[in-house]
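J.: Now for the letters of each chain:
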Amino acid sequence: MSGAGIKVLYFAWLREKIGVAEEDIELAPGIATVAALTEWLSASSPRHEAAFAAGKTVRCAVNQDFAAPDAPIRAGDEVAFFPPVTGG
Amino acid sequence: MSGAGIKVLYFAWLREKIGVAEEDIELAPGIATVAALTEWLSASSPRHEAAFAAGKTVRCAVNQDFAAPDAPIRAGDEVAFFPPVTGG
Amino acid sequence: MATIRVQTEAIDIGAETAALTAGRADIGGIGSFLGTVRDTAGGRKITAMSLEHYPGMTERSLAAIAAEAEARWPLLGCTLIHRVGRLLPGETIVLVLAASPHRHAALEATAFLIDFLKTKAPFWKKESFVEGDEEWVSARDADDSAAARWDIAAR
Amino acid sequence: MATIRVQTEAIDIGAETAALTAGRADIGGIGSFLGTVRDTAGGRKITAMSLEHYPGMTERSLAAIAAEAEARWPLLGCTLIHRVGRLLPGETIVLVLAASPHRHAALEATAFLIDFLKTKAPFWKKESFVEGDEEWVSARDADDSAAARWDIAAR
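Read top to bottom, the protein sequences are chains A, B, C and D.
According to the working numbering, the first sequence is numbered sequentially starting from 1.
According to the working numbering, the second sequence is numbered sequentially starting from 1.
According to the working numbering, the third sequence is numbered sequentially starting from 1.
According to the working numbering, the fourth sequence is numbered sequentially starting from 1.
These are calculated hints, taken from the structure and not from any lab test.
Hints may contain errors.
[To be verified] With the C-beta cut set under 10 Å, the calculated list includes, among others, these residues of chain A facing chain D: (1) Ala12; (2) Arg15; (3) Glu16; (4) Val20; (5) Thr38; (6) Trp40; (7) Thr57; (8) Arg59; (9) Asn63; (10) Asp65; (11) Phe66; (12) Glu78; (13) Ala80; (14) Phe82; (15) Thr86; (16) Gly88.
Using N, Cα and C, we set each Cβ at its ideal position, and we do this for glycine too.
Model the full assembly from the supplied sequences, consistent with the hints where possible.
T.: Take a look at the structure:
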């Protein structure tokens, strides 16, 4: 990853709905938080929009730590979106 | 066991102090409870007396169920004396 | 339904778990507690732990403990195995397994079973110290308290 | 100190217990929870359970859960193993082991570890029903409540 890029990962039904497991994104100016990134991704395709429409049931991790909507996003980050976990 | 006999068992340090694991006793008239039997056994030898002197830390089972001092003793019963249990 | 056993052989948790779950697909989880011999007692090194029991009453009391657990939790089976004889530090002493559709039931039943086994089953331990002396283990108030938290009088 | 593993192979509780306790004589007991695949979900028969995870974050979160348990209880070791991939009814999914000098510490740490693993570790289950349809399992409020009783916010 170079420049203002981040890596975005999707798991479980988010992965299935969006149709990709992973994508490299160029961070547009102003996309500085999880909430802003979510909004930007939702607008990027109907599949993304449908997946993120689940709203409250989508969880996020930044660099493999759970992250709230106001958590910052920086170039080089690994950002993952997924449903609430159901292991064990 | 016949007549008015009972079987008495001893475990752990009671067995060691008394020096026998098991004895057959003829129930004397009037020995109708655990407490009465304990008193009678205590008087039967210095070793019994020393073992039962531990008093509160001696437990009893009649026919393999824990029994209180006022529990009845009848001919044919199996009566066991032992310290509080320490398994597990 | 419960498997109850007193044995001199080492306890094999893998084999016992396999036996408890064999051919079943209704179990969600198995809780277990495996007790082992520590090499110290009261700050002193021990060379062995010897376990004595009351044959007959042991099996009766373990069956009663298991029946009580099965009445309190939705168990699909449980296993209670206790060793007797002379055991060395590091060896297994006791195994409790409880299988249930639900994990909390399995784990709570496991804790209940081992707490009650320690206060109600007729086993006695004697410790052999490195200095050569031996001592019968005294009952611990902590064990009675542990049993009492389940709201049954510990005796 | 903790053993953390994600694997596709079946979990062998006997081998894992032996590995945790090998060469030690300071352990008084080992608590464990072994999760298995039930053949029903919401009253419907399933043919398989598929588990997906987030490689990297999984190991981090399991290590954090284990470190928290080790901070709270006097553990002498713990093991967290979770399977991924397609599992059949009756198969093992998850194993938690916690070893301690004291039985209550071992059992409480076991309950804590599995409660937290269920709410904090990035695993997702999908059920395949006999009718041919598949469904991602929804997170259960009961799991969040179970984690919350340990006084850490469940996320």
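J.: Evaluate each hint against the coordinates.
T.: Cross-check of the supplied hints:
The restraint placing Ala12 of chain A at the interface with chain D holds, with a minimum CB-CB distance near 4 Å, inside the 10 Å limit. Checking Arg15 of chain A against chain D by beta carbon gives a least distance of about 8 Å; that is within 10 Å, so the hint holds. Here the hint on Glu16 of chain A is kept, as its CB sits about 8 Å from the closest CB of chain D, short of 10 Å. Among the interface hints, the one on Val20 of chain A is violated; its C-beta lies about 15 Å from the nearest C-beta in chain D, farther than the 10 Å criterion.
For Thr38 of chain A, the shortest C-beta to C-beta distance to chain D is roughly 17 Å, which exceeds 10 Å, and the interface hint is violated. The beta carbon of Trp40 of chain A is not positioned within 10 Å of any beta carbon in chain D (closest approach about 22 Å), and the interface hint is therefore violated. Given the 10 Å rule on beta carbons, the hint for Thr57 of chain A holds: about 8 Å separates it from the nearest Cβ of chain D. For Arg59 of chain A, the interface hint holds, the least distance from its beta-carbon to any beta-carbon of chain D being 8 Å, beneath 10 Å.
Checking Asn63 of chain A against chain D by beta carbon gives a least distance of about 9 Å; that is within 10 Å, so the hint holds. Taken as an interface hint, Asp65 of chain A checks out: its beta carbon lies about 8 Å from the nearest beta carbon of chain D, inside 10 Å. Because the closest C-beta pair between Phe66 of chain A and chain D is about 5 Å apart, less than 10 Å, the hint holds. Taking 10 Å as the C-beta contact cut-off toward chain D, the hint placing Glu78 of chain A at the interface holds, the least distance being around 8 Å.
Interface restraint check for Ala80 of chain A: the shortest CB-CB distance to chain D comes to about 6 Å, inside 10 Å, so the restraint holds. Interface restraint check: Phe82 of chain A against chain D, minimum CB-CB distance 7 Å, threshold 10 Å, status holds. A distance limit of 10 Å between C-beta atoms decides the matter here; for Thr86 of chain A the minimum to chain D is near 4 Å, and the interface restraint holds. Given hint, Gly88 of chain A at the interface with chain D, holds; its Cβ is 4 Å from that chain's nearest Cβ, closer than 10 Å.
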